[in-house]
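When you get a sec, could you build the whole thing from the sequences and use the hints?
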Amino acid sequence: MTGFDDDDLAAVEALRSSALGAMPNPSAELVAWFAAPPLPAPATAPASSRARRLATWFGGLGLAAHVALGAGVAVASVGIAGTAELLPRPVQEAFDHVVGRGSGSTPTPDLPDRTPMAPATSGSPTDPDAPDPTGTGAPSPSAPPVPAGSGGTAGSGGTGGPAPQPTTAPTSSDHSDDNDSGSESPDGGDQESSDPGGEGSDPSGDDPTDPPEPSDDSSDGSDDPTDDPTDDPIDPEPTSDDSSDSDSSQVDPDGDATDLPEAEPLLPVGP
Amino acid sequence: MNDLTPFGDLLEAARDGHGQAFTLLWQRYARGVAAFARSRGAEEPDELTSDVFVAVFRSLGEFVGDETAFRGFLFTVARRRLVDDVRRRRRRPLTATWDSRADQRRAASAEEVVMGLGSESRARDLLAGLTPDQRDVLVLRIFGELPLEQVAAILGKRQGAVKALQHRALATLRRTVFDSTDDHTDDHDQERGRP
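Note that the protein sequences, when read in sequence, are chains P and U. According to the working numbering, the stretch in the first sequence is residues 1 to 271, in order. According to the working numbering, the stretch in the second sequence is residues 272 to 466, in order.
Please keep in mind that the hints were generated in silico from the structure rather than gathered at the bench. Everything numeric in this text was worked out from a predicted model, so none of it was measured. Don't take every hint at face value.
Some chain P residues well away from chain U (every beta-carbon gap over 10 Å; in silico) [claimed, not checked]:
(1) A10
(2) V78
(3) V91
FRET-style restraints, in silico, Cβ to Cβ [stated by the list, open to error]:
(4) A28(P) / K434(U): 53 to 59 Å
(5) S392(U) / D7(P): 23 to 29 Å
(6) I80(P) / F334(U): 44 to 50 Å
Where a beta carbon is used, it is the ideal one built from N, C-alpha and C, also for glycine.
As structure tokens, then:
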């Protein structure tokens with residue numbers, strides 16, 4: 001070992017010859033290694049360090065993170081496919097509907113649900129005397145053909161044909177494109193904000209344009225919603241035959257139609 | 272393969288799984304690692320040295336370099352193991368029963384004085400006057416046969432600082448050796464009746 005002066009060699013040699021440098025005894029593990037060394041690790045194919053790091057990172061995530069990441073990837077994939085209009089037709093329509101509502105345009109009611117009631121709405125609460133749902137004062141007779149003719153495509157935005165425009169331009173027309181014109185049909189305005197009567201003007205406390213009530217009654221074969229005065233609170237001429245219907249309507253789980261006829265006899269009793 | 276086999280061939284044979292190559296590597300370098308462990312006061316220097324070699328042998332496939340680099344690799348692993356050993360002992364203080372034969376608090380006998388240079392007590396005396404840093408530098412330089420720059424790298428110090436530590440350590444060691452030699456000579460003179 002060089003690097004030491006001659007004067008230091010004696011000291012270095014003294015230290016080297018001390019017990020400090022005694023040969024150690026190998027451990028049992030090391031003796032076994034000497035006897036039968038383990039086979040060298042086979043050469044693995046050099047994988048991309050980035051891919052390996054990504055796999056390591058993903059493997060280190062927890063179950064919740066795996067689920068969240070998978071859901072995020074699925075949503076992103078559907079979004080990309082929907083933007084490119086590669087989804088199946090029903091899914092694509094639903095996607096367009098959701099994107100149209102989420103893009104800041106005027107929210108549209110679910111028009112396909114409204115379609116079955118369109119032919120049977122001659123005496124429905126919505127048509128003749130109902131308050132204008134759009135609040136625009138547009139003539140309501142022009143309204144019914146629009147959803148009936150456009151069908152489910154009106155609510156789907158891009159797939160519908162040229163729908164009639166409301167008489168007054170919606171406030172959000174700057175942000176809506178042509179695809180959104182279908183969603184701005186006369187009954188497609190902002191119902192909650194433009195309803196002049198609001199919920200307080202409805203005796204049953206429901207929106208008069210709410211479709212489920214007539215559709216539920218129309219599904220019942222024993223009751224004709226157009227003849228039942230209790231179902232139609234605006235009908236001025238109830239007949240005597242309607243009393244049985246009103247009795248039967250008392251067991252109607254909706255209970256909305258029985259409010260007005262029962263309220264009239266109670267009036268004289270009151271103070 | 273024998274003791275004169277070049278390091279490169281030895282390393283290649285060890286990578287190919289030849290047991291004799293591992294044995295030769297152990298015989299060539301284990302003494303320095305054990306000396307380093309003893310100078311640091313390791314509890315089980317032989318066991319620690321074996322652990323160091325097992326760790327080095329396991330990662331022999333990834334090692335790239337010459338013999339000097341291999342020495343540096345070996346003593347770097349040894350130093351880390353020693354640091355772990357010191358921490359472990361601090362967490363769990365060693366408790367041992369008193370043994371009169373192991374108790375060093377006594378005067379050396381005549382036999383020990385005669386045989387002193389090769390004994391453990393002699394090594395301990397040589398290192399007693401050194402600071403831990405000086406001890407590390409000397410052991411790595413003498414037993415590890417490492418150049419100054421590699422000692423500096425292992426200890427995390429500048430090369431100039433290592434050189435200064437070595438200089439002071441050698442001065443202290445020289446004094447200790449000469450003093451002990453003088454004492455030894457005095458003892459012999461007294462036994463022979465010389466003034």
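Hints versus structure:
no.	hint	result
1	A10	violated (6 Å)
2	V78	holds (45 Å)
3	V91	holds (52 Å)
4	A28(P) / K434(U): 53 to 59 Å	violated (41 Å)
5	S392(U) / D7(P): 23 to 29 Å	holds (25 Å)
6	I80(P) / F334(U): 44 to 50 Å	holds (48 Å)
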